Amino acid sequence: MVQNPVSRGPVTRLVRWLGLDRNPLRRRSDRVEAAIRLLSVIGLLVSVVFGVLFGVRTYQDGLRVEADQQRTRHPVDATLLETVGPKLSVTSPAAGPAMATWKSLNGVPHQGLIHAPALWKKGQTVHVWIDDRGEIVPRPRDRETTLISGMTVGVGTPILTGVLAGLILLTTRLVVARRARRVWAAEWTIIEPTWRIND
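Using full-length UniProt numbering, read the sequence shown as starting at 1 and increasing by one per residue.
Just so you know, the hints here were simulated from the structure itself, not pulled from any lab data.
Bear in mind the structure is a predicted one, so any value in this text is a computation, not a measurement.
Note that beta-carbon positions come from the ideal geometry of N, C-alpha and C, so glycine has one too.
Treat each hint with caution, since some may be false.
Unchecked claim - Ranges of calculated distance between the beta carbons of each label pair, as one might list FRET restraints:
#1 L113 x I148: 24 to 34 Å
#2 T72 x L160: 31 to 41 Å
#3 I148 x A185: 46 to 56 Å
#4 G96 x R178: 31 to 41 Å
#5 V65 x A180: 22 to 32 Å
#6 T72 x I42: 54 to 64 Å
#7 A118 x T72: 56 to 66 Å
#8 T125 x L160: 44 to 54 Å
#9 V41 x G9: 16 to 26 Å
#10 L44 x A118: 42 to 52 Å
#11 Q111 x G43: 50 to 60 Å
#12 I148 x H115: 14 to 24 Å
#13 R57 x T171: 29 to 39 Å
#14 V56 x D142: 17 to 27 Å
Required output: the full structure, derived from the provided sequences and hints.
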């Protein structure tokens, strides 16, 4: 009788790996392990769907934040009131805070600490961002940051789920294998005294 080659194909192997072939020779531990594999695969597929949904949602939220910050944050020039001294050493200067003055959009003068390049002199101007009240704020969010945030959530969700599923499968496999060794040892203890090798 010629066997159907499909019966030994990847689909059949996957069905057996997931415990869906109803093999009567499976032990209870084998069925438990197969059930955990099946749940892990289902969980991974679900995480891919949720990852896409969360990634799109994060990207859309980022677009709203991006638009809001572009509307409410404005670039101005701040004039340094002091020279920015070396923060690490004379040979390796670093940027740092320095007192400066700037004006808000309605012309009101402001004064405070800004982040300035190393060794910049008093009187030089530094490009900064302010809000509608004239307070120093970080630069507006850009599209690259929004894209990275969405992709991180979208890709990170199934990756983390896959890692967790892998750890669960590995732990299950180790527990099942250890239990199988104990059962085998117990059965051998019973059989070994009656075991005979024919001459």
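Looking back at the numbered hints, which does the structure fail to meet, lowest number first? Of the numbered hints, 4, 5, 6, 7 do not hold.
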